[in-house]
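Chemist: Residue numbers (my numbering), protein chains in the order written: chain A, 10 to 382; chain B, 10 to 382.
Hints were generated in silico from the structure; no laboratory data involved. Since the structure is predicted, the reported quantities are computational estimates derived from the model, not experimental observations. Backbone N, C-alpha and C fix where the C-beta goes; we use that ideal spot for every residue, glycine too. Check the hints yourself; a few may be wrong.
Going by beta-carbon spacing under 7 Å, a handful of chain B positions derived as facing chain A [what the hints assert, rightly or not]:
no. : residue
1   : G142
2   : V146
3   : T149
4   : V159
5   : I225
6   : N312
7   : V324
8   : K327
9   : V337
10  : L344
Protein chains: 2
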Amino acid sequence: MIIGIIGGGQLAKMMAQEARKLGLGVAVLDPQEECPACGLADYRIAGSFMDGEKIRKLAEISDVLTYDIEHVDVETLKELEEEGYQVHPSPRILQIIQDKLVQMETMKRAGVPVPKFVKADKDELEEKAREFGFPLVQKTRRGGYDGKGVVIIRDEHELTKLLPADSMLQEFVRIEKEIAVMVARDQYGNVEVYPVVEMVFNEANILDFLVAPAKIPDEKAKEAQEIAIKVVEALDGVGIFGIEMFLSEDGRILLNEIAPRPHNSGHYTIEACLTSQFEQHIRAITGLPLGSSELLIPAVMFNILGKGYGKPRVVGLKEALSYPGVYVHIYGKPLVRPLRKMGHVTVVNRNLDKALEIVHKVKEIIKVVGDGS
Amino acid sequence: MIIGIIGGGQLAKMMAQEARKLGLGVAVLDPQEECPACGLADYRIAGSFMDGEKIRKLAEISDVLTYDIEHVDVETLKELEEEGYQVHPSPRILQIIQDKLVQMETMKRAGVPVPKFVKADKDELEEKAREFGFPLVQKTRRGGYDGKGVVIIRDEHELTKLLPADSMLQEFVRIEKEIAVMVARDQYGNVEVYPVVEMVFNEANILDFLVAPAKIPDEKAKEAQEIAIKVVEALDGVGIFGIEMFLSEDGRILLNEIAPRPHNSGHYTIEACLTSQFEQHIRAITGLPLGSSELLIPAVMFNILGKGYGKPRVVGLKEALSYPGVYVHIYGKPLVRPLRKMGHVTVVNRNLDKALEIVHKVKEIIKVVGDGS
Chain A
10 MIIGIIGGGQ LAKMMAQEAR KLGLGVAVLD PQEECPACGL ADYRIAGSFM DGEKIRKLAE
70 ISDVLTYDIE HVDVETLKEL EEEGYQVHPS PRILQIIQDK LVQMETMKRA GVPVPKFVKA
130 DKDELEEKAR EFGFPLVQKT RRGGYDGKGV VIIRDEHELT KLLPADSMLQ EFVRIEKEIA
190 VMVARDQYGN VEVYPVVEMV FNEANILDFL VAPAKIPDEK AKEAQEIAIK VVEALDGVGI
250 FGIEMFLSED GRILLNEIAP RPHNSGHYTI EACLTSQFEQ HIRAITGLPL GSSELLIPAV
310 MFNILGKGYG KPRVVGLKEA LSYPGVYVHI YGKPLVRPLR KMGHVTVVNR NLDKALEIVH
370 KVKEIIKVVG DGS
Chain B
10 MIIGIIGGGQ LAKMMAQEAR KLGLGVAVLD PQEECPACGL ADYRIAGSFM DGEKIRKLAE
70 ISDVLTYDIE HVDVETLKEL EEEGYQVHPS PRILQIIQDK LVQMETMKRA GVPVPKFVKA
130 DKDELEEKAR EFGFPLVQKT RRGGYDGKGV VIIRDEHELT KLLPADSMLQ EFVRIEKEIA
190 VMVARDQYGN VEVYPVVEMV FNEANILDFL VAPAKIPDEK AKEAQEIAIK VVEALDGVGI
250 FGIEMFLSED GRILLNEIAP RPHNSGHYTI EACLTSQFEQ HIRAITGLPL GSSELLIPAV
310 MFNILGKGYG KPRVVGLKEA LSYPGVYVHI YGKPLVRPLR KMGHVTVVNR NLDKALEIVH
370 KVKEIIKVVG DGS
């Protein structure tokens with residue numbers, strides 16, 4: 010059996026490792042010859058994620074298609090699915106998720122708690138904003154990624170900050186914590202849910218570190234897991250999903266975003282859980298039974314973001330590993346760019362505060378730096 | 010930094026994965042183009058493990074040399090070490106281990122408990138055997154592997170079974186259990202010791218399954234771990250070592266064999282321990298700090314041995330994974346041969362008896378079968 014992956018980044022690489030471990034073959038479509046997953050692929054197709062012809066070529070040599078990025082040619086995937094090709098998660102889901110308004114409407118209909126929101130087309134933004142009330146969050150319907158396409162409008166003086174695009178206006182949620190849950194679901198509807206994790210962001214809205222399990226009351230954790238399962242069931246999703254949520258200051262849990270693939274917030278599962286998110290995804294999309302998502306030991310994860318440009322050099326590895334429970338993952342990307350995800354570190358410890366302490370030290374030690382070339 | 014591995018089998022493959030995860034490069038020397046580790050190597054050299062010229066070529070492109078098999082050209086490795094190349098574990102250790110008599114003599118001198126033994130050259134075997142007394146075990150000094158070169162002589166009527174080779178005659182130990190301990194040691198003398206595991210063999214003397222941790226009293230486990238550390242310290246070893254021992258019916262723990270590399274009896278560490286034997290080996294030989302060897306969850310491991318000849322086909326994967334805690338590793342060897350190690354399965358469970366129960370079922374289900382080509 011061959012798994013065709015659209016996108017050859019670190020998520021595809023870690024999927025490919027698990028696929029090969031299970032004796033399955035891997036084909037990868039990626040524009041870059043030296044993509045992280047390329048070295049692990051039995052077949053490589055060079056091309057864009059938006060190139061329908063290349064995606065079709067990938068489908069023809071694969072038994073099941075998946076992807077490590079949402080920004081792919083959904084139309085071709087839909088055609089392929091209609092022709093009987095296996096595509097997981099379904100392109101139907103991608104289509105829903107790619108439009109933030111449709112995503113929220115679908116989830117609201119399914120009974121998933123979401124922040125209050127309203128549709129606002131490009132030509133009626135100001136009017137709708139005044140009507141909706143301040144403060145509010147504008148999210149453009151399409152093209153947003155890692156905080157792009159999102160702006161906070163605190164009052165009517167900030168209306169000039171509105172982005173000129175078809176949007177959704179959302180309630181400004183006073184956030185106590187940002188949390189996430191990974192959910193795996195197989196073709197028969199069986200579900201495995203991972204623990205709730207807590208994401209801590211820095212001032213630039215970049216993930217500072219992730220804590221597993223989240224320090225929230227048990228009943229809130231249970232509620233978050235139930236919401237995450239509801240989301241994936243409402244989508245009739247097959248594969249692994251990262252469900253990001255807000256825990257608001259007034260105690261509500263509200264859906265924020267859905268990632269229909271392995272997710273940064275699930276990297277801790279490699280060391281800390283019985284079955285990693287990557288193995289779980291491979292099992293789910295190939296019709297194999299899911300594994301246990303049990304957490305064996307608490308963990309804190311942070312991303313190693315690139316510094317400078319050029320060929321990567323890892324700095325501080327030896328000192329970083331001198332702390333207990335430190336596990337380093339370097340993705341093997343050929344070039345560094347500032348803030349590019351070059352790797353991640355998971356620190357495990359029975360005492361979560363101890364793990365956090367170590368993370369704060371190790372974050373200052375380990376770097377992936379460009380050689381300036 | 011490039012790690013040069015002599016041998017590209019499954020052990021090299023799993024080493025290479027860990028090396029790459031840490032951002033290190035990998036070069037592999039193996040006669041087969043499609044060796045399991047070859048796909049993960051940055052550099053590949055085609056050649057025999059006994060080909061000194063090829064080993065030298067590997068050394069020239071590597072920062073440190075290691076191996077996944079003991080039957081390598083030790084003379085060349087010794088020359089390279091003298092010239093200042095890093096080779097871990099040292100070829101000095103290989104030389105000791107390749108001669109079973111020298112291995113036992115060295116260990117006895119170091120105060121490691123070993124079975125009673127005596128040197129017996131080819132031309133004095135019968136005489137020495139009568140002198141030593143029955144029953145005894147003859148082990149040829151060289152070339153023995155996986156039970157080859159070993160014969161049990163129960164009484165003088167069986168003297169005709171003696172193998173015509175320079176040998177060591179050893180006390181026939183009445184074995185209660187065969188146990189093993191993995192020990193990692195770095196260049197600074199720091200040691201990490203793994204739990205004692207128990208190996209259960211079938212009638213053909215092939216490993217049936219391995220239980221971690223061994224069901225033996227705590228004080229015996231501690232004694233076995235101390236012996237294993239003593240062995241590695243006596244060798245001044247750097248890297249990971251598999252130390253096989255007997256627990257005799259009369260309660261003695263005696264050294265059986267030393268493997269100066271990751272070992273089949275340490276595969277369970279991938280799922281069950283914080284740091285796998287492979288990551289530990291890579292850390293040790295590259296001067297990085299060792300990780301924790303803590304066991305997170307009990308495990309039982311068995312090998313998937315090939316059935317028939319030809320291209321491999323994995324049978325029963327889906328049914329095998331339907332049992333809880335089952336993790337399957339297929340090595341990606343291009344061809345099946347009867348009894349060839351094609352993969353392994355680790356079953357984890359908080360209840361070791363439950364894990365054993367599952368192993369007995371899954372062993373009958375999952376197979377790697379040749380297609381007859």
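Chemist: Each hint needs a verdict: does it hold in this structure or not?
Modeler: Hints and how they fare:
For B:G142, the shortest C-beta to C-beta distance to chain A is roughly 50 Å, which exceeds 7 Å, and the interface hint is violated. The interface hint given for B:V146 is broken, as the beta carbon of that residue sits about 38 Å from the closest beta carbon of chain A, more than 7 Å. At a threshold of 7 Å, the smallest CB-CB gap from B:T149 to chain A is about 37 Å, leaving the interface hint violated. For B:V159, the suggested interface contact is broken, since its CB lies about 33 Å from the closest CB of chain A, more than 7 Å.
The restraint placing B:I225 at the interface with chain A is violated, with a minimum CB-CB distance near 24 Å, outside the 7 Å limit. Hint on B:N312 is violated. Least Cβ distance to chain A is approximately 15 Å, over the 7 Å limit. Restraint check, B:V324 versus chain A: the minimum CB separation of about 10 Å is more than 7 Å; hint violated. A least Cβ separation of about 6 Å between B:K327 and chain A falls short of the 7 Å threshold, and the interface hint therefore holds.
Evaluation of the B:V337 hint against chain A yields a held restraint, the C-beta minimum of about 6 Å falling below 7 Å. Hint status for B:L344 relative to chain A: violated, with the closest Cβ pair at about 14 Å, above 7 Å.
Going through the hint list in order, the structure does not satisfy hints 1, 2, 3, 4, 5, 6, 7 and 10.
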